[in-house]
Each structure stands twice: as C-alpha cells, then as structure tokens.
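> Listed below are the residues making up each chain.
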Amino acid sequence: MKRIRSLAAATLAATLSMGTGGAWAQAGETVRIAVIDPQSGPFANIGLNILHTLEFLAEREGGTHNPAGVKFEIVPFDNKMSGPESLNVLKAAIDQGIRYVVQGGGSGVAGALIDAINKHNERNPGKEVVYLNYAAVDPDLTNSKCSFYHFSFDANTAMKMEAMGSSIQDDKRVRKVYLLNQNYSHGQQVTRYAKEVLRRKAPHVEIVGEDLHPLGQVKDFSPYIAKIKASGADTVITGNFGPDLSLAFKAARDAGLDVAFYTYYAGAAGTPAAIGDAGLGKIRFVYPIYTNLASPEYQAVFKAFGQKFPNEAFVTSPAYNLFKALSHGMAKAKSTDPVKVARAMEGLSFRSFTGDVTMRASDHQLQQPLYMATWNKVDAKNPIDVEKTGNTWTLDRLFDSYVASTPTTCQMKRPA
Amino acid sequence: MAFFALSLLNGISYGLLLFMLSAGLTLIMSMMGVLNFAHASFYMLGAYLAYQVSAWIGFWPALLISPLVAALLGAVFERWVLRRVHRHGHASELLVTVGLSFVMLEVVQLVWGRAPVGYRIPAELEGPLFTLFGSPFPLYRAFMMGVSILMLLAIWLLVSRTRIGLVIQAALTHPDMVQALGHDVPRVSMGVFGGGVALAALAGVVGGNAYTTEPGMAFSVGNIVFVVVVVGGMGSLGGAFVASLLIGVVTTFAVSLDQSLLHLLQAVDVPVTDAMANHALLALKISQVAPLLPYLLLVSVLIFRPKGLMGTRET
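Top to bottom, those sequences are chains C and A. Numbering follows numbering that gives the first Met the number 0, with no gaps: position 105 of the first sequence is 104. Numbering follows numbering that gives the first Met the number 0, with no gaps: position 307 of the second sequence is 306.
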C-alpha cells in the first residue's frame, strides 16, 4: 500500500513538472556529472563501457522528455582504479563546480569516496556533493558506512547471495557446494555470505571446500579445478570477475568438470566474449536484469546502444535507474540542489525496465527484482546475441524485490 | 594417487607453458645480453595477429604467419632502435624495450579495441586426448606441450649444433674478433632478436586461444616470465626449462595443500585459541599463497644464488 502511495506521489510530481514545462526553476539547466572510474589500465575495458553507457543515457534521458526538464553532461575522470587517485580527481571535479559524482568500479574506491564526500559536505555547506554508485556492492556501504549523500543502485553482495540461496534451497540437485573466490575484500565477503545464507536457507547443502586465490595472478586454473573435482562438488559459487572468471570456466571445461557455476560477474563487459562456448548451460549469473528481458524500453535501449557502439553491449542496467532516480528526484525537489535532490530521492519509487523500484530511505539501497540467468545458445525465444558469441542469457528465475532484500543496520545522519 | 597423478600432469603441462612463454626471452638474453621488457607484448601481438589471420584464412596459416610478421617487426626494431641505443649501455636498452611495451599496448588497443576478442581453439584440436582417472586431458594442452618441447629442441640444436649457433655464441663474448673474422655481427644480433620475438609470438598464437586474447594478457604473463629467466639463471636455456617445470609443479601442488601455520602449531601440541584461529597470518593456507610462491622463489634465488639455478653470470 505504502509502495503504491509513494509511486502515485512520484508519478504526480513527474506529471506536474512535465505538464508545466519550464515553470520550475531547474528546467533547462544542465547538470554536470563527474564519472570517476578507470579509463586506462587493466580495467579500462569495463571502465570505458560504463562511460559510454552513461554518456549514452545522459543524452537519452536528458532534455525534453526528462521529467525535471534538465540536461545531463558527463565529465569523465580517470581514477586508474586507485583510492588515492580517486580522491585527487574528486577534488578536481569539486573544484570545477560539479555536484554529482558517479562511480562503481571497486568497493575500496567507493568507501574512500564516501569518507571524502562526507567530510567535504560537512565543511562546505551549500556546496554539497551527492554520490551515485552503480556497481560497488560491498554491503558495508549501505550499513556501517552508510551516508545520506550515497545512493546504491546495484544489488549488493548480500542481496545477490540471498537470491542464489533461494535458488539453491529449491534445487534438490544441489548437495555439495564449493566456494572459489579472489582473496580480497569482495571475494572474502562472498565466501562469508555464502556460508551464512546456505546455513540459513539450505541447511541440507554441504560446503565441501573453499579457495581464496590472489587477485589476477592465476594463469592456470587446472589445479583448482582438479581440487573441486576431487571434492565431489556439484555446484560452485564464485564472486570472481574478468580473466579470473573466464579462465576458471575454460579450465573447468577442459577437465570435464560437470558443475553449475553461480556467479556475480559472468555478464560484465567483455566476459561473455572471453567465455565463448565454455560452460554453456552451466554458468548462472545474478543481476538486476538479463539480456532477453521482455521489456520494450530495455530492448530499445539495448538496441540503440548497440547501434551507437557496435563493439559493445549495454550491460549495466543500474546506470539507467540512476538517471531515472536523478530525474524524478529533481522533478520532485523542483531543484538541482544536491541536498534537496538527495532528500527527494529517499523513498522515491520510479518505473524501471523491471517494473517499479524503490530507493529505500533508511539506507539508500535500491530495492529491485533480481534475475538469475543461464548462459545458453541463442534460440527463437532468446534472440539477443551477446558480444557476438552466438550465445545469450536465458531466464532461470525471477526474484521479487522482497526475496533479495536484506535488513540494514544503517543509522543515517541527515543534514538538519 | 589419482589426484597426485593428475596434479603432476597439470604441473608439468603448466611448466611447459611457462617455458614456451619464456623461451624467446631466454634466447635474446643469452645471446645478446638484452633483457627485453617488451617480450610479453610480443606474446600479445602474436595472439592478436593470429586472431586476425585465423579469421581470414584459418589457424594453421596463422601458426606460421603470425610469428613471421612479429619476427620482421622485431628485426626492424633491433636494426633501427635497439642498435642505436646499444652504445649507451644495458640500462638504455632495457628502458627502450619498456617504452616499446607501452607503445605496443596502445597500438593493439587502437586496432582491436579494449575488449577481449573471440580467438578460439580450432575445431580439430578441441576435445580430450585421453582420460586419466576419469579426468579428460585436453588435446590442445598436449599440443601446447608439444610446441614447447619443439621450441626447446630447436633452440638447443640451433645454438649448439650449427655454424650459425657457433657464430652467435662467439659474437656474445668476442664481438670484435668475430667481426674481424668476416662475420656480420650486427646482422647476427638482428636475427637473434627477430627469432626471440618470433618465439614470443608463437607462444601468443598457441596461448591466446587457450587463455584469453585481450590487452591485459601481456601484463598478466609479464612478471612470471622474468621469474623463470632469473630463477633459471640469466641466459641459461636449460636453467629456464628446469625453472619452468619447478614453478609449474610447485604451484600446482601448493594449490592442493590446505594446511596453515595453525596445523603446524597443533602438530607440536600448542593449544589453538579462537583468537589464533581468526588470525590472518596464522590461518593463511598454503593454497592461498600458491600463485605467489614463484615470486618468493625469485627473491630467494636473488639473495642466495644470484646467478640462478644453472646460470653462469651474476645477475
């Protein structure tokens, strides 16, 4: 009921502002958004894909059909995936008068940005900065580290694990699970949440082994695969990404390892191309969207992006929600002032590809449905070819917002 | 037993892969005394060229064409860049190859983009070769091992059993005398550099589809090939071979060991408290540090045996 009411309010605000055209002060303004992500170095592939996605969406979502009537301008800042460098470029962005910051590559960077932005906002009233996070998924960011100025649009590690847990709970074929992760904060968290969620949701499942390997150092995964095979596991849960993920798949295929992979990042930019035909029918991927989602709006965005950037794919749907939240928030606040917009975005519901989603006021974590999809050959029902592989993501299961929702310990301090 | 045999096989095949990656580097190092930092970049270039040629006319021509093109580029680089820098000493040579690695990375990204490319194993080399204790051994892995051993044989025969090899070896220690005897020493160097680069590119052709062909691939093998060369002994072909196998087998077996310092303490009857069980260092398992063992080996070798396992020169 509450959800319906807040939705109605959002829609009303949106309609009002659209109907009255330039009546509000913010209409016609250009909102500059700093994108702080790696645009060079080993992670440039992913960083540039997201930059293109944001530029594409800024153009699409800004201007006449924007509920607030504002335009968006993306200003890229290369943080080289480093915390200290991110703080340098944050300062540069603030010096240029930019009041909105977008980042997603890495929770370590995200934590550093939250601290720096909190400090800046405290010391510079009237010049506050709001931070919109499309992919950093450390649950601490909306719990112990939560901030009024930070908004999280991807589902965090704990939420995705809840979804995986629900799937494993109902899948009677899963008996023995192996945890394969990178030895740094994200991988360690996946290991920890997997144990916690499986104990609670699927106590009949046994965790038969776990490995934490150094990030990006393993060339040959066959020893790990041999170990998984020896453990008798039928399912592997992994938070790995990039080469650490695709090389593990290839080694598994070579060794004839017949297990299901539950992954966080098999759909990240570049990974499908690297996987190719390895792990067809076995690789699963949990995310707020999947490629063949029957949403005309999503398919239109996916197609238009592919035409503009023929060698890339639109894979980061949280970026779309980010612009929706910002537009509706500005329309509701009747202003582009970050503090007012942040207040307006709290509890805001808006229409996404997957239906209505809500920015939870208590911790600024977007509540949205999650999808579990499997890597399969393209067929008549699932026609979208991903990264020219001839393969695609097909739907396994949809998790409603409440399934993956996790409670928060956030004690939000709001400005007076 | 089954696990031991499988791990041994995995270890040896990984070791041979490492040797394949570092063979060209060792060759250039041993015959020219140049530490080629762009070696891994030529590995990457070889993979990308093979991807392109495969797309046009197939994998087997690529196996030949890609190393040849790379060799040509390497020879050009030696003739017009490295040779000029040579007179300023080894540090300058090293720096110019570092510069080259950056240039090559950018060129590859400009031509083929930053995303991984779909370079795949040819259909005739797909599938398992044999099955050992229920685990299939991939045909392509055997192919890679074969290429690696062929490289070893070819270099060894060339250097120790042919007249060219004799001149190359003599040119390393007594370039002026060899020159005085009427051999074109600069051209020999050009050939050696081109040959070493061709080996790197061949490794790229074979490794690029087994792993992933992407701009980060040079970076990902760059460190480990230097470990092989230093541990084996700068410029020692046999040393590099032994070091590759050693590193391959040690890291593979280390992955299977889940023991930590806690187990050691328990073994000597020290009571383990909860605080100790949660201690980051004490609870660290051998399998967690397995991929870092080669670097530990590198440091140990530099401290205790600076000339490497089978090297003749101090590093």
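By construction, these hints were calculated from the structure, which means they are not laboratory data. Only a predicted model underlies this, so the values are computations on that prediction, with no experimental measurement involved. Glycine included, each C-beta is placed from N, C-alpha and C at the ideal position. Don't take every hint at face value.
25 angstroms max Cα-Cα, derived SDA-like pairs, lysine to any residue [unchecked claim]: (1) Lys175/C to Phe2/A; (2) Lys307/C to Gly117/A; (3) Lys218/C to Pro174/A; (4) Lys387/C to Gln108/A; (5) Lys376/C to Phe2/A; (6) Lys70/C to Lys281/C; (7) Lys281/C to Tyr139/A; (8) Lys126/C to Glu72/C; (9) Lys218/C to Leu8/A; (10) Lys302/C to Ala282/A; (11) Lys380/C to Gln366/C; (12) Lys218/C to Asp273/A; (13) Lys144/C to Lys387/C; (14) Lys175/C to Tyr139/A; (15) Lys144/C to Ala115/C; (16) Lys194/C to Asp273/A; (17) Lys218/C to Leu292/A; (18) Lys118/C to Val88/C; (19) Lys218/C to Tyr294/A; (20) Lys118/C to Lys339/C; (21) Lys175/C to Ala282/A.
Over 10 angstroms on every C-beta distance to chain C, these chain A residues come out as not near it, computed from the model [as the list claims (entries may be wrong)]: (22) Phe58; (23) Val116; (24) Phe252.
> It remains to establish, for every hint, whether it holds in the given structure.
Going through the hints against the structure:
1. Lys175/C to Phe2/A: Roughly 19 angstroms between the alpha carbons, so the hint for Lys175/C and Phe2/A holds.
2. Lys307/C to Gly117/A: The given pair, whose Cα atoms are some 21 angstroms apart, holds under the 25 angstroms limit.
3. Lys218/C to Pro174/A: violated (39 angstroms)
4. Lys387/C to Gln108/A: holds (19 angstroms)
5. Lys376/C to Phe2/A: Roughly 34 angstroms between the alpha carbons, so the hint for Lys376/C and Phe2/A is violated.
6. Lys70/C to Lys281/C: Outside the cut-off at roughly 43 angstroms; violated.
7. Lys281/C to Tyr139/A: Satisfied, since the Cα-Cα distance of roughly 22 angstroms is no more than 25 angstroms.
8. Lys126/C to Glu72/C: holds (19 angstroms)
9. Lys218/C to Leu8/A: holds (16 angstroms)
10. Lys302/C to Ala282/A: violated (50 angstroms)
11. Lys380/C to Gln366/C: violated (28 angstroms)
12. Lys218/C to Asp273/A: Violated: Lys218/C and Asp273/A sit about 35 angstroms apart, past 25 angstroms.
13. Lys144/C to Lys387/C: Roughly 40 angstroms separates the two Cα atoms, so the pair is violated.
14. Lys175/C to Tyr139/A: Cα-Cα ~30 angstroms, so violated.
15. Lys144/C to Ala115/C: OK: Lys144/C and Ala115/C at ~12 angstroms, within 25 angstroms.
16. Lys194/C to Asp273/A: holds (19 angstroms)
17. Lys218/C to Leu292/A: holds (14 angstroms)
18. Lys118/C to Val88/C: It holds: about 16 angstroms lies between the C-alpha atoms, which stays within 25 angstroms.
19. Lys218/C to Tyr294/A: holds (14 angstroms)
20. Lys118/C to Lys339/C: Given pair Lys118/C, Lys339/C holds - Cα atoms ~18 angstroms apart, limit 25 angstroms.
21. Lys175/C to Ala282/A: Distance ~24 angstroms between Lys175/C and Ala282/A Cα, so the pair holds.
22. Phe58: Fine: 15 angstroms to the nearest Cβ keeps Phe58/A off the interface.
23. Val116: Violated, since 7 angstroms does not exceed 10 angstroms.
24. Phe252: violated (8 angstroms)
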